[in-house]
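6 protein chains.
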Amino acid sequence: MISMFIKVINPNTTWSMTATIEACARAVTAPGTRLEAVSPRMGPASIESHYDEALAVPGVLAEILRGERDGADGFVIACFGDPGLDAAREIATGPVVGIAEAAMHTASFLGRGFSVVTTLGRTTGRARDLAERYGLRDACRGVHACEIPVLALETDPDARKIVTEACFDALGSDGSDAVVLGCAGMADLCAQISADIGAPVIDGVAAATLTVQSLVTLGLTTGKRGEFAAPPVKPYSGLLAPFGRAEGTRG
Amino acid sequence: MISMFIKVINPNTTWSMTATIEACARAVTAPGTRLEAVSPRMGPASIESHYDEALAVPGVLAEILRGERDGADGFVIACFGDPGLDAAREIATGPVVGIAEAAMHTASFLGRGFSVVTTLGRTTGRARDLAERYGLRDACRGVHACEIPVLALETDPDARKIVTEACFDALGSDGSDAVVLGCAGMADLCAQISADIGAPVIDGVAAATLTVQSLVTLGLTTGKRGEFAAPPVKPYSGLLAPFGRAEGTRG
Amino acid sequence: MISMFIKVINPNTTWSMTATIEACARAVTAPGTRLEAVSPRMGPASIESHYDEALAVPGVLAEILRGERDGADGFVIACFGDPGLDAAREIATGPVVGIAEAAMHTASFLGRGFSVVTTLGRTTGRARDLAERYGLRDACRGVHACEIPVLALETDPDARKIVTEACFDALGSDGSDAVVLGCAGMADLCAQISADIGAPVIDGVAAATLTVQSLVTLGLTTGKRGEFAAPPVKPYSGLLAPFGRAEGTRG
Amino acid sequence: MISMFIKVINPNTTWSMTATIEACARAVTAPGTRLEAVSPRMGPASIESHYDEALAVPGVLAEILRGERDGADGFVIACFGDPGLDAAREIATGPVVGIAEAAMHTASFLGRGFSVVTTLGRTTGRARDLAERYGLRDACRGVHACEIPVLALETDPDARKIVTEACFDALGSDGSDAVVLGCAGMADLCAQISADIGAPVIDGVAAATLTVQSLVTLGLTTGKRGEFAAPPVKPYSGLLAPFGRAEGTRG
Amino acid sequence: MISMFIKVINPNTTWSMTATIEACARAVTAPGTRLEAVSPRMGPASIESHYDEALAVPGVLAEILRGERDGADGFVIACFGDPGLDAAREIATGPVVGIAEAAMHTASFLGRGFSVVTTLGRTTGRARDLAERYGLRDACRGVHACEIPVLALETDPDARKIVTEACFDALGSDGSDAVVLGCAGMADLCAQISADIGAPVIDGVAAATLTVQSLVTLGLTTGKRGEFAAPPVKPYSGLLAPFGRAEGTRG
Amino acid sequence: MISMFIKVINPNTTWSMTATIEACARAVTAPGTRLEAVSPRMGPASIESHYDEALAVPGVLAEILRGERDGADGFVIACFGDPGLDAAREIATGPVVGIAEAAMHTASFLGRGFSVVTTLGRTTGRARDLAERYGLRDACRGVHACEIPVLALETDPDARKIVTEACFDALGSDGSDAVVLGCAGMADLCAQISADIGAPVIDGVAAATLTVQSLVTLGLTTGKRGEFAAPPVKPYSGLLAPFGRAEGTRG
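Protein chains in written order, with the working numbering: chain A, 1 to 251; chain B, 1 to 251; chain C, 1 to 251; chain D, 1 to 251; chain E, 1 to 251; chain F, 1 to 251.
If we strip away everything but chain A, and leave its shape as in the complex, we get (with noise of 0.2 Å):
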C-alpha cells in the first residue's frame, strides 16, 4: 500500500469551511494517505466574484510552496472555480487536482451529462468557462444557482432543503444523469441530497482528493516540459515574492 501526503487548500480563510472539507477528503482516502486542509493566511472570507477569486489566488500558491517545503506528494484546491490551478501545477512537483475539474471529469463516468447546482448566479459563468476548458461544455446541461451566499451553507437552517430542490429540478429540466455540487461549502451534503433525489450527487472535495491519490499511486504528476516547467526566476516586488528573489537580493 502506498504511502503518501496530500494537502488540501481551501482558497477562503473561513476555517470552519475548511474543517468541513478536511472530514469529507479524510473519509474517502486510503490507509496510507495522511491529508491536510489549510486555508491561506491571506484571502477574502469566501469567493463569489472574479475579484475574491483573483485576491485568493497569492494565498492558495503560498500553501503551494508551503506544502512543496513540507513534502506534499500532491494537492486539492478546494473552491469551484479552481482559482490558481495553472500557476499552482507550475510551482508544485506533485500533481494538483481542482474540485471542478474532478468533479466535472468524475460525472462524465457516470452517464451522458450533468448539472450543476451552485451558490450565487453571478458565479455561473464561472463554472460554465471551467466546463468548456475541461472539454465538458456539452457534458454540463446546465449550471443552476441557489442564490445562497457561500458562508449561509454552514449558517442557513434552510440551506441543506434549497440545495436538494436545486439538484431535484436540474435532474429534470437538463435530462441530466447526475449532479455536480457547485461549492465545496457543499461536500458534506452530498450523501443526504444523492439519496433523497435518487441520483448520482457529485462532491468534488472527495472526488478531487482521490484523484489525486490515484494520480500520485500512479506515479503520474503535471508534464514539465513546456507551459507548465517552473516558472523563470526573476524579481517580484513589493510583498508578494515566495517564489522568486526578493528584490534588491540579486548578488
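Okay, derived cross-link-like pairs now, DSS-like style, lysine-lysine, Cα gap no bigger than 30 Å in a straight line:
no.	chain 1	residue 1	chain 2	residue 2
1	D	Lys161	C	Lys224
2	A	Lys161	B	Lys224
3	E	Lys224	F	Lys161
4	B	Lys161	A	Lys224
5	F	Lys224	E	Lys161
6	D	Lys224	C	Lys161
Far from chain E, some chain D residues (derived; all Cβ distances over 12 Å):
no.	residue
7	Ala27
8	Arg34
9	Arg69
10	Arg141
Treat the hints as calculated values from the structure; they're not laboratory data.
The structure presented is a predicted model; accordingly, all values stated were derived computationally and were not measured.
In this text, a Cβ means the ideal position worked out from N, Cα and C, and glycines have one as well.
Model the placement of chains B, C, D, E and F on the given structure of chain A, informed by the hints.
Chains B, C, D, E and F only, in chain A's frame:
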C-alpha cells in the same frame, strides 16, 4: 477501508494479454479491492478494426452479466476502443469505465495536451472519435500509430523500442505534456517508457481500475433515470439472448 | 439506365417491419434497381437501447457478408441508430448507408434546421450522437420522443396521430424547416404526416435507398486506403466467425 | 418512373463550360429526367473571387425565376462556391442544391474524411467556409489549390495532370478517404482521376444533379415556413427587379 | 490629429434611412474625420431576405469603387447582414467594416454575452450565421425578432416601444450583459433604449464608424497577400462590369 | 469632441516598459483624451508564466481602484495575457479592455486569419486560451514564440530582427492576413515590422487604447446586471484588502 470486487474485461480472447492486464491492474489497487480479469468466451483474438470491435461486444456484455451475477461492484473494459461501454452501463449496477476514457481524462489532469500512441494506423480514427466523445478533442493533440499489430506487442522483440520512440517523437511534434498508451497490450510498458522519455505516460488499464475503485469508494454509479436505465426486456432471436427472454419462452 | 442490386438490412428480427421497409424503399428506386430487404437470423426483436443495438450488429454484419456473396452493389442499414455502419463499410465492396445519416444529410438540403421525432426518450442520446458524428449537430435542432415502443408503431391505433402531433409540435418549438422520422418503423407514415403538417418530412429508408442508388450510379464506394480497408484476417473464438478464419483451422 | 425537369445553372457566362457541365449531369440522370444547363445573361466569365461571386448571383437568381416560369422541378447551382443558394431557395418552388454542398455531403458517405482540390489558392477560404456551413468542417481535412485559373482547365494541356497529382498528394497528406473536385470545370476529369489515383473522386455536378433528382423523387423541397419563405415583395431601384415590383409601378 | 474620409454605404435605396445613418455616424467621429453616407443607385428598398441581400450587393460594390475613386480612407457597410463585405474587402484599399461585425465585436468587450434584437424573424438565421462567422456564436445568446418590417421602423409610431420591450425581455431571457440592435434603421433609437432598459445597447452604425476610424488611425487595412487581394481582371457580360473589363473592349 | 481620461495599466513593475507603452498609446488617441500609464506597486518584473500572472493581478486591481478614485473613464490592461480582466470589469465603472482581446478582435477586421508572435514558448498556451475565450480560435491560425524573454525585448540588439523574421515566417506558414504582436513590450516595433513584412501588424496597446476611447465615446461600459456587477463586500484577511472591509473593522 472499503472492500470491493472489480471485474476487468479484456474484450479480446487472447488470455496471455488478459494475464498482463490483470497484473497491471492489481499493481495499483488498494488492499481491500479484489480484482479479476477475464476474456469473453467468444470474439476476435485481437481488436484492430471496427469489424473486430463489433464482434467483441456481445462477449463483453455477457461477461458484464456474469459479473453482475457474481457481485462485481464495478467493471473495467480493457480495450482502447472502449467497446460496448454504453451498453455495459445499461446492464451493470455498478460503474463501468473504459480504458480510453480513463486514460484520456487522467491525462487532462497533467497539463494542457496529450498524445496517443497506438498500434495500427487504421485504428486512429476510432481513437479520435473517442477523444471527441469524451470532450477531449482539443486536449488530444495527436494520435500516432506504430504499425505494430496488437498481438505482436507480446512477441516482437523490437516492440518496446518502437513504442518508446513513437512516444518520444509524439511529445515533440505535438508539443504535448503527456502520452497516453493506446492499447491495453502496452500496459506493462508504461513505467519503463515514462522513465525513458522523461514525461508522464498513462496506461489506461491502471487508470481505469483506479477510476472504478474511486467511483465505488464515492458510492457513485451510472445514472439510471434515462438513457442508461436497464434496457427493455424483449425476445432475442438466434444465439444472442443473455439478457432478454429466449424466443419462444414468453409465456 | 444503370442496373444494380441494393440490399436493405432491417437490423431487428421483426419481419413484418422488414416488409414495410421493403415497400417504402421499392417505391422510390429506378426501374433498373433490384431491391431486397432482410432481417438478420439473430438479434433483438426491436432496437431500443445500446444493449439491443450491440446485439443486433453481428447479425447485420453477417447479412452484409451474405450480400457480398450474392453480388449486392450497395447496402442500406435500416435502423435509425445506424448500427454497425463503420464495420459494414470495412467488409462491403459497395457503398453502405445508414438511414439516420441519409435522412439527416437529406434534411440539410431543405433549409437551415430539422427536428427528429423518434420512439422512446432513451434513444434520443444516440440520435444526437449521430447528428454530431455526421456534422449536423447545429442543423439538428431537437430530438423528440413520442414514447411509443418501436413495435407498437405497427399495432397502436393512435401511433400515427401521436407521431404526427409530435412532428407538428417539433416544427414550432424548434423553428425547424423539416422533420426527420427517427425510426424505420415510421417509414410508411411519411407522406401522410408531411401532408398533415404542411412541411417536408423525411423517411430515412427511402432517403438512404436513393443515396445508395446515386452512389452506385456515380461509381462511388467507401474509400479503402485506410480506416475502412478490409479488416485483418484473424481467428475468432466461439460462434462469431463469419469473416475471419474459424479457430483451429489455420493450417 | 418519375418524370421531372431539372435546370442546371452554371453561374459564369462561359458557355463552353456550361456544355461540359450539361454532359456530365446528363450522364447520370434517370430516363425520365429532362435536364437543361444554362449560363446567366450577365455576370463574370469565371468565378475566382468574392467579387466575381457577388456579381454572378443576380444572374443566377434571374435564371431561377425563368426556370420557375418554365416549370423546372428542381435546380442545380453549378459553381463550387454555391453562389446565391440561400436566395435561390427563397424564390424556387422545388429543391435547389449547390455542387459544393452535394459533393461534400456525398463524400461523407464514403469514409471519415475528404480532401478538396480546387483552382486558385484565393478561393480556398470560401471552400472552408462552406464546409463549416454544411457541418463538414471536420470531415473536410484539407483544401488544396492547383493555381490553375478556372478557364485554363479547358485550355491548359497540363491541367488534368496537375489536378490528378494534387488529388493524389492530398489523399496522402490529409489521410483522406476521398477527394472532392472543387470546381465545376473539373467535372469531366472525375472518372479518369479516380482511376488514376485509386480512390473515390467526387464531381459535384453529377452529385448535385442526382441529389436534386432524389429530392424530387421523394417529394421533398425547401421548407417554406420561415427563413426560406418567398421574400416580401417590394420596389427595387435600377435594373435589378426580376422578382419585386418595378419602381414607379406601384399603382 | 489624423484627417480622414470615411464613406458609409446604406445597402438599401431608402435615402431617408441613409440620412439617419449619416447623422448617427457623424455624432461619434473625431473632428478630423469627414463622413459621407450614400445609398446605391440600384437595389431593394429594404433588405429582409437572402434575395434582397443578394440584389443589394452589386450596388454596394459599385459604391465602394466610387469611393476608391474619390479617395475614401475606409468604408462602413450599414446593413446588419453585412452584405458584400468579403467582396468589398477585395476591391477597397482601406478597411471595410460591417455594422453587424462591429456591433458584435463591440458587445464582446462589455461582458460575457449579448442579445440581438432585429426586425423580421426570417432574418434571424442570417444574424446567427454572422455571429458564427465572427467567432461570437457563444457570446451571442439569442437573436430576437420584433416582426417590424425595416421601413416601418421609420413610420410605425409604436416601433420604439416594441423594440425597447424586446430588448428588455431579451436581457432577461438570455441572461445577457448587453443588447445589439440588429438593423441600421434602429440606429437613432440606441441611446433612448439604453436609458430605458438600464443596460448597454449597441448601434452597429456608430460602432462600425469608430472601428473604421480606429483602423485608419492605426494604419491598418485588409491584408492583401491572399484571399483579399484585388480580384483577377476579367470580362463581365451584361450590365455588371464596374471593376473588370467591359466585354468586347479587350483590345 | 469628447473629453476623457484613460488609464493604461502595465501589469509588470518594469517602468521603462510602462514608458514605452504610454508613448505608443498616446500616439493614437484623440486630442480630448488624457492618458496615463502606470505599473502596480507590487508584482513581478515581467510576466512569463501563470505564476507571474497570478501574482500580478492584485496589483492591477489596486490600480483599477485607484483609477476609479481618480475619475478614470476607462482602462487598458497592457499585458498580452489580459490578467485580471474579469475582476477588473467587476470593480471598474467604465470599460476595461485587455490588449490581447483588443488586438485579436482588431485583426478579425483585416481578413480571415491572423498569427500571433510572442516571447516565450511557455506562454503560447495562454494566448491560445484567450483566442478561444474571445471566440477567435479559428481566426487565430498560429501562435509563435521567438524565445526572447520579455525584458530582453528592450535590451537584446537582435530582438527586432528576430521578431520581424518570426512575423514574416508566421504569415507564410499560417497563410494569415495579419500578425498580432503578443507582448506589450513589442508595441514600439509595430510600424517598422509592418513596413518590413508588407502586411498588417497589430500592437494591442494602441488597439486597446482606441477601443476604450471608442467605447467611452459610444457611452458604453461593462454590463452590470449579472456576472460583472460590483462584487459583494466582505472581509479580506492579510494584506489584500483594497476593496472589501479590512478584517476587524466590521463595526
